[in-house]
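K.L.:
Respectively, the protein sequence lines represent chains Y and L. Take 5 as the starting number for the first sequence in my numbering and just add one per residue. Take 8 as the starting number for the second sequence in my numbering and just add one per residue.
It is possible that some hints are incorrect.
What the hints assert, rightly or not - Keeping only pairs whose Cα atoms sit at most 25 Å apart, straight-line, the calculated DMTMM-like set for lysine to aspartate or glutamate is:
1. Y:LYS680 <-> L:ASP129
2. Y:LYS614 <-> L:GLU23
3. Y:LYS261 <-> L:GLU23
4. Y:LYS110 <-> Y:ASP190
5. Y:LYS204 <-> L:GLU148
6. Y:LYS257 <-> Y:ASP275
7. Y:LYS616 <-> L:ASP127
8. Y:LYS680 <-> L:GLU132
9. Y:LYS680 <-> L:GLU94
10. Y:LYS680 <-> L:ASP127
None of these hints come from the bench; they were simulated from the model.
Chain by chain, the residues run as shown.
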Amino acid sequence: MNKHVSPRLNRRAFVIGTAAVGAGLAIGLDLPFGGPAVVRAADGSPEIGAWVVVRPDDTIVIRIARSEMGQGSLTGLAQLVAEELECDWSKVSTEYPTPGQSVARKRVWGDFSTGGSRGIRSSQDYVRKGGATARVMLIQAAAEAWKVPASECTATNSVITHAPSGKTTTYGKVAEAAAKLTPPADVKLKDPKDWKLIGKGVKRLDTADKTTGAMIYGIDVKLPSMLNAAIKDCPVFGGKVKSFDEAKIAGMKGVKKVVKVGDTAVAVVADTWWQAKTALEALPIVWDEGDNAKVSSESIAKWLSEGLDDAQPAYVGNKNGDAKAAIAAAAKKIEAVYSYPYQNHATMEPMNATALYTADKCEVWCGTQNGEAAFAATLEASGLPAEKCDVHKVMPGGGFGRRGQTDYVRQAVMIAKQMPGTPIKLLWSREEDMAHGRYHPITQCKMTGAFDANNNLVALHYRLSGQSILFSLRPEALQNGMDPAAFQGVAQTGEAAFGYSVPNLLIEHAMRNPHVPPGFWRGVNVNHNAIYMECFMDELAQAAGQDPLEFRRKLMGNHPKHLAVLNAVAEKIGWSTPAPQGVYRGIAQVMGYGSYVAGAAEISVTDGNKIKVHRIVASTDPGYIVNPAQVERQIAGSFVYGLSALFYGGCTVKDGKIEQTNFDTYNSMRINEMPKVESVMVPSGGFWGGVGEPTIGVAAPAVLNAYFAATGKRIRSVPLRDQNITFA
Amino acid sequence: MANLTINGKTFTLDVEPDTPLLWAIRENAGLTGTKYGCGIAQCGACTIHIDGVATRSCGVSVSEAAGKKITTIEGLASGNALHKVQEAWIAQDVPQCGYCQSGMIMAVAALLTEKPKPTDADIDEAITNICRCGTFQQVREAIHTIASA
Ligand code: FES
Ligand code: FES
Chain Y
5 MNKHVSPRLN RRAFVIGTAA VGAGLAIGLD LPFGGPAVVR AADGSPEIGA WVVVRPDDTI
65 VIRIARSEMG QGSLTGLAQL VAEELECDWS KVSTEYPTPG QSVARKRVWG DFSTGGSRGI
125 RSSQDYVRKG GATARVMLIQ AAAEAWKVPA SECTATNSVI THAPSGKTTT YGKVAEAAAK
185 LTPPADVKLK DPKDWKLIGK GVKRLDTADK TTGAMIYGID VKLPSMLNAA IKDCPVFGGK
245 VKSFDEAKIA GMKGVKKVVK VGDTAVAVVA DTWWQAKTAL EALPIVWDEG DNAKVSSESI
305 AKWLSEGLDD AQPAYVGNKN GDAKAAIAAA AKKIEAVYSY PYQNHATMEP MNATALYTAD
365 KCEVWCGTQN GEAAFAATLE ASGLPAEKCD VHKVMPGGGF GRRGQTDYVR QAVMIAKQMP
425 GTPIKLLWSR EEDMAHGRYH PITQCKMTGA FDANNNLVAL HYRLSGQSIL FSLRPEALQN
485 GMDPAAFQGV AQTGEAAFGY SVPNLLIEHA MRNPHVPPGF WRGVNVNHNA IYMECFMDEL
545 AQAAGQDPLE FRRKLMGNHP KHLAVLNAVA EKIGWSTPAP QGVYRGIAQV MGYGSYVAGA
605 AEISVTDGNK IKVHRIVAST DPGYIVNPAQ VERQIAGSFV YGLSALFYGG CTVKDGKIEQ
665 TNFDTYNSMR INEMPKVESV MVPSGGFWGG VGEPTIGVAA PAVLNAYFAA TGKRIRSVPL
725 RDQNITFA
Chain L
8 MANLTINGKT FTLDVEPDTP LLWAIRENAG LTGTKYGCGI AQCGACTIHI DGVATRSCGV
68 SVSEAAGKKI TTIEGLASGN ALHKVQEAWI AQDVPQCGYC QSGMIMAVAA LLTEKPKPTD
128 ADIDEAITNI CRCGTFQQVR EAIHTIASA
């Protein structure tokens, strides 16, 4: 790790002050004559490898590259490092390296991106090695001081012991010597059966400040002489600013400047944000809305519905046998069309970023799910090279996929660039946040199932029509035009594989990309695919005259892990025994993000349209579980997010714009609507699956299937509020 | 100019009388623990106490709040002793992102003053804050733990 430090950097050049908001870390560098370099943290304590800093008082600082946004990964990642480090958990704290520091050290901390439920699963190996490396170096240092073989020494709870002589010392005492050692080329990780900290529901490391108002979110950043900006981007996506009449707001209190932001937006900069927002609302802006102003939800629905027609081109994502022929020849077939709308992330904290631009430096403070992407946006918008830019991550008030995008970072830099030397905090109003989301993609799906004379399912045709996220955000990831992620949950193999065996199967996607920008919204394509497939499975079971659970089980013989979680929820909810009087059950399963999940709901319905969700049972097999207490919270939280979208969500388009403007028109469920969520964790080991997202997939179909059980009515579109169905 | 009494201190703030109290607290008094979520009294992120009553500060103007006793999340603890709601929140690891929790804690603190042993129905009625992370289950459990202490 030390070898990655470029020797031409001197200590002064490498100290990056972040005292303003305390984010990030400052790194100093010792280059003693002879021997490897010792890299030091801001307080002078030595790094033992890039992931661990040990202070003389035995406190430990663990570096975290991925972003905490509420999902608990920060604590989980620290547990992974600490497990191998064998340190005293009560003395652990964490810090974020900045992306600029990472670039300067050849990405020693790896990927910063925190999406796709990958925070833990795609870095667990190298962060555990980071902990193990530090442990080996600390033990080595003690052994050298004692002149005994390192193999005779052990470490636990930050104490190193040489059993033959009875000598002991602590990490803090040998840290300086350990930092000068050459890190081992390779380290052996513990056998999972020996884990002591991984698998334990230890308390989060970042809670206290969230209860006192002391936690600094992006919206709270304060820098000396900072001004505040409010922004309005053309409400029709793709439209531009034609003109604005600055004179109309001249002299309004606190207003410092009105700036155009790129071709599409206008911002007002003022002493306070409230002044900026008030002035922005008074500012006459003329937009060049362009052709997209003709688009509406109706025109999008019509275009998507045309894509359901077999005559239209489509990408095949999963196939075996000949579904079309089998359907044509079948004894019985059923068909249904479902749809799923746009959804806004509506993170509790609206988008914001603070930027300070000078001719030779550009710094940004923001909540982000991807520090490196925010860094790249800063470089691009400022026009400055990497060594003159940095991003300081602060706590985001929710992410859910929205803060993986960098539009708000770019805007902040573009404004700051027009006011060099003055820090600018750009904050979106909730209305701007609703108007300029990166929305859950819109789709429709036509499904046809066919049975033989004995009610065996012989064919299934799943034809999806609608928007591709990758087409818009990561076109390089398309495969000959096809969006492989569109098949999340219904894919042939991989981390989101279909859990049923059907002899004749055709799963295809007619890609149609409306102008509304799509994004990765917690659960992503699993959301609609799980609703379509799992609700239709219930329809198929009904058509076959079979119990929904039994019907599924028969198709899942080749998918034991899918089946195991389904069985786990069935058992816990008591599927084989009758539900309480007036209570009805629904069940669903799906695979996503490398994890197998299933859910079951118990609901009652009054007057045919008022749903009370009494109980949710959710099961997950993510392979390994690092912190069960946090996994439980992610499961419960994912149901709140998923059921809010099912009952209250849905963003509609009129004249090219999103119609919903705030939580009054895009509501979110409250505590009185919250069911009791019971988690059943069945980690089977041997693989690492994600946690933050997968269970959201089963939330909606479990409830919709229960609604059918209660009323005999199928709901095939979301949100329920459009059908006058609400929480009781 | 407005004179506001926040957390026992008097602030003379250079704001228009119609400025929402939320923004005067955050930007003029510099107390950023109170959060902005919607600005239209829907989400509860900005909940504070005015004369002991849980109030959404985005829906109250500075002029309406003048002369009243305002308590924000920063003023909930007594000196170094955290309020029992804050303690319970830490003990039960309630917050996820935490952004809604200032408002949530203020709403719960007011409920417990009024009803020290709230039923589930009392909680359902009084706590109407949005939490996009979905901490409701932990919020309810923590309230019951405090009530049974
Ligand atoms: S910001 Fe006041 S209720 Fe939402
Ligand atoms: S904890 Fe994140 S919104 Fe409530």
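K.L.:
Next, verify each hint and record whether it holds.
P.N.:
Hints, verified against the model:
1. Y:LYS680 <-> L:ASP129: holds (17 Å)
2. Y:LYS614 <-> L:GLU23: violated (45 Å)
3. Y:LYS261 <-> L:GLU23: holds (20 Å)
4. Y:LYS110 <-> Y:ASP190: Holds, because 19 Å separates the two Cα atoms, which is no more than 25 Å.
5. Y:LYS204 <-> L:GLU148: holds (20 Å)
6. Y:LYS257 <-> Y:ASP275: Holds, because 9 Å separates the two Cα atoms, which is no more than 25 Å.
7. Y:LYS616 <-> L:ASP127: holds (15 Å)
8. Y:LYS680 <-> L:GLU132: holds (17 Å)
9. Y:LYS680 <-> L:GLU94: holds (24 Å)
10. Y:LYS680 <-> L:ASP127: holds (12 Å)
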